[in-house]
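K.L.:
Residues -18 to -1, 1 to 176 in mature numbering (1 follows the signal peptide of the UniProt record, and there is no 0) are what the sequence shown lists, from first letter to last.
In short, the hints are calculated from the structure, not lab data.
Watch out, some of these pointers could steer you wrong.
[As the list claims (entries may be wrong)] Listed below are the simulated SDA-like cross-link pairs for lysine to any residue, each with C-alpha atoms no more than 20 Å apart in a straight line: (1) Lys118 with Leu37; (2) Lys82 with Ala149; (3) Lys118 with Lys129.
[Said to hold, decoys possible] Computed beta-carbon distance windows for the label pairs: (4) Lys82 with Asn136: 23 to 33 Å; (5) Lys82 with Gln43: 38 to 48 Å; (6) Asn54 with Asn125: 13 to 23 Å; (7) Thr147 with Arg104: 35 to 45 Å; (8) Asn76 with Gly55: 26 to 36 Å; (9) Asn54 with Thr85: 16 to 26 Å; (10) Gly56 with Arg35: 17 to 27 Å; (11) Pro92 with Gly41: 35 to 45 Å; (12) Gly84 with Asp120: 36 to 46 Å.
Since we're looking at a predicted model, the values are computed, not measured.
Ideal Cβ placement from N, Cα and C applies to all residues, glycine included.
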Amino acid sequence: MRSYPVVLVLYLAALVWAGGYQGCMERVHLYEAYQIDEFNAPADRIVGFKCRRWLATGGCQDDDWIECRGRNGGRCTFDELVIFISLVPDRNANGYSVLKPGTNRLDQRPSALACYQRYFARNTPIRNFHPKDCIKTDVDEFNDYIKRLSEHLNRTYARLRPTLTPAQNALYSDLEYTQDRIIEARAGDHGPYV
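Assemble the whole structure, with the sequences as input and the hints as a guide.
P.N.:
What follows is the structure, given as structure tokens:
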């Protein structure tokens, strides 16, 4: 009988870990989409933008979007994008990302784990980010965000497909790998309800 409290605590800890890890993996996914969106002309990019003032009725007032800018004035790193969408335990722009050896690409699982550990160390919950804080959209609803982002990335792929470089193709492979890891994390969080 004494083993039940231990099992329950371990089970609840696993649920919390899966939910937090999944939230960080969603951030990795967003960053990979941000990198792919860079293949588009600046006027056609939608990822890495935050609405300055969201209307209560929905939509961004005056279509006024703030673009994520890195410390060097260019595109954001993963660390900078995580801070840009906010809800972070600290504003230090280092320590969220782990790169694959010999590349400039995120190592997905270690990056999600590093992100999780940053939140966990400060006892901060990993909240879902709002679509209006990371993508140009008319609706601040997560399912709409997934649909809009997927359609945008698919259009980009269809346009680039004949001319994809190995580096560009690797980013799409990374994105697919991350999507599979998110599904695994959600299944771990929700069990038989997935």
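K.L.:
Give a verdict on every hint.
P.N.:
For each hint, the structure was consulted:
1. With a CA separation close to 14 Å, the supplied pair Lys118 and Leu37 stays within the 20 Å bound.
2. Using a Cα cut-off of 20 Å, the hinted pair Lys82 and Ala149 holds, with the two alpha carbons roughly 13 Å apart.
3. Restraint check for Lys118 and Lys129: the C-alpha separation of about 13 Å stays at or below 20 Å, so the hint holds.
4. Judged by the Cβ atoms, the range 23 to 33 Å given for Lys82 and Asn136 holds: they are separated by roughly 25 Å.
5. Checked against the hint of 38 to 48 Å, the C-beta distance between Lys82 and Gln43 comes to roughly 40 Å, which is consistent with it.
6. The hint said 13 to 23 Å for the Cβ distance between Asn54 and Asn125, and at roughly 35 Å that hint is violated.
7. Between Thr147 and Arg104 the Cβ separation comes to about 40 Å, which falls inside the hinted range of 35 to 45 Å.
8. One distance hint, 26 to 36 Å for the beta-carbon pair Asn76 and Gly55, is violated here, with the actual separation near 18 Å.
9. A hinted range of 16 to 26 Å for the beta carbons of Asn54 and Thr85 is consistent with their spacing of about 19 Å.
10. At about 26 Å, the CB distance of Gly56 to Arg35 agrees with the hint of 17 to 27 Å.
11. Evaluation of the 35 to 45 Å hint for Pro92 and Gly41 yields a pass: the beta carbon distance comes to about 38 Å.
12. One distance hint, 36 to 46 Å for the beta-carbon pair Gly84 and Asp120, holds here, with the actual separation near 41 Å.
Checked against the numbered hints above, the structure violates hints 6 and 8; every other hint is satisfied.
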